[in-house]
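Going line by line, the protein sequences match chains A and B.
Just so we're aligned, residue 1 is where the first sequence starts under our numbering, counting upward by one.
Just so we're aligned, residue 1 is where the second sequence starts under our numbering, counting upward by one.
What you were told as hints is all true, and nothing was included just to trick you.
List of simulated lysine to aspartate or glutamate pairs, DMTMM-like, C-alpha gap at most 25 Å:
1) B:198 <-> B:19
2) A:53 <-> A:209
3) A:53 <-> A:221
4) A:109 <-> A:130
5) A:53 <-> B:127
6) A:53 <-> A:167
7) A:53 <-> A:186
8) B:198 <-> B:6
9) A:53 <-> B:132
10) A:109 <-> B:127
11) A:53 <-> A:97
12) A:109 <-> B:132
Please keep in mind that the hints were generated in silico from the structure rather than gathered at the bench.
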Amino acid sequence: MSQDNAQPLLTVRGLEFAFGGRRVLDVAQLRIARGEAILLVGDNGSGKTTLLKILAGLLVAARGEFTCLGSTMAPRAAARFCRGRHVYLHQSPYMFDGTVEENIAYGLKQRGRDSAQQRIEIRDMLAWAELGHLVHRPARQLSTGEKQRVALTRARILAPSLLLLDEITANMDADSRRRTHTMIADLRRAGSSVVFATHDHAPLEALCDQRLELAAGRLVDAPLPGGADVIPLRRDGVTTEPR
Amino acid sequence: MNELTEASHQALQLLASGDGVLWSIIGVSFSVSLRAIAIATPLALLGAFALAYLRFPGRRTLVTTVNTLMAVPAVVVGLTVYLLLSRSGPLGALHLLFTQWAMIIGQVLLCLPLLIAMAHAALQSGDQRAWETALTLGANRWRAMCTVMYEVRFGLLAAVIAAFGRIIAEVGCSMMVGGNILYHTRNIPTAIALETSKGEFAQGIALGIVLLAFALALNFGLGYAQGSGEVSR
Chain A
1 MSQDNAQPLL TVRGLEFAFG GRRVLDVAQL RIARGEAILL VGDNGSGKTT
51 LLKILAGLLV AARGEFTCLG STMAPRAAAR FCRGRHVYLH QSPYMFDGTV
101 EENIAYGLKQ RGRDSAQQRI EIRDMLAWAE LGHLVHRPAR QLSTGEKQRV
151 ALTRARILAP SLLLLDEITA NMDADSRRRT HTMIADLRRA GSSVVFATHD
201 HAPLEALCDQ RLELAAGRLV DAPLPGGADV IPLRRDGVTT EPR
Chain B
1 MNELTEASHQ ALQLLASGDG VLWSIIGVSF SVSLRAIAIA TPLALLGAFA
51 LAYLRFPGRR TLVTTVNTLM AVPAVVVGLT VYLLLSRSGP LGALHLLFTQ
101 WAMIIGQVLL CLPLLIAMAH AALQSGDQRA WETALTLGAN RWRAMCTVMY
151 EVRFGLLAAV IAAFGRIIAE VGCSMMVGGN ILYHTRNIPT AIALETSKGE
201 FAQGIALGIV LLAFALALNF GLGYAQGSGE VSR
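Please work from the sequences and hints to get the whole structure.
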């Protein structure tokens, strides 16, 4: 393993976040390796979404030291650094007013890709996500599962170093969930690290290398069942269905 | 009844004949109000966005103040601008009183609170996830703001139309700071007020028809842009 690959993608120490005068997050240390998949579990209101949004740069921590790709930075600088590199997906994804193609092109436009290049990349991604038949459909008219797959495609086309998934399979049927798991496995193979936040963790354990639990804003280790910290991903990327 | 019919007939003749005075009044009206709305709209959108998306001390007070300012009568705005621009006022050296720019300043002040309040309401009714999604997909804050505004564009367009409707039809402020000077500062509402006071109704009716036609065109335009008006399914 090269020096670069050995370096963690992101390390956070002493992270604190308060809302309305109440401390909602107090994380002593969090380390995310490259290509790693972490299952983040916890009850509703335990701070999972807040932590993911901080890691995505959408919220700025009150305190904390962030080491991103070897550079140590304060929370505000870290938020600027993480935005666009780390992609956050909502439980119910937001679709911009436009077609599926326009939604997927959004991030590429922000990166200044010309329209010819956009079309090529989008065509490839739609084939990957099996969404080619929906390309010209208004994105807001899709089903929940289709929207989530569009959101994943919209994220993958940007090749994010970290994907932060907030309960994304919560409202899906079994088929959509299976397709989504396959896509996430592909994303990991493409080199993205993934953090899943969920309170229904059983279906996702097979996808993950380690499990962390948030309890009242504090992070605690919660080893995966069977005593193994690392569960290898199946070659075909197909994960086990809900156990 | 005969008088009204006669005046209406004359009004239509005036409009059709391309009367120079009539069309100069219409020209002044649109020139002043369009410039005012062009200046006020970006300021109001930025202000409304700040109120909706930024957290800073005094934000609630500011929202309440803006809502309160919507109720300020046009003559009070006119009086304030008059005092500011009059020779002995703090901005007297600019010699703007009784010019179109004085009218523009008055109209900007008049429509800003309405524009901010309506744009703020439109942005508030939007979805916070639009802002977060834009940022996480790599948009900078400026582009993310433009995306959020595009997502609520019909509400913002309605705000601009309502604000334009307020200033193109207001008489108090324009009369006070513009002086109602023909070919310079006489606009549709001040002309209607003047002609009516003289008992000359034809020009007033003609100008009223122009205002009404414009209001209808704007609202049809907005309706068309909004689509069927049904709840999205």
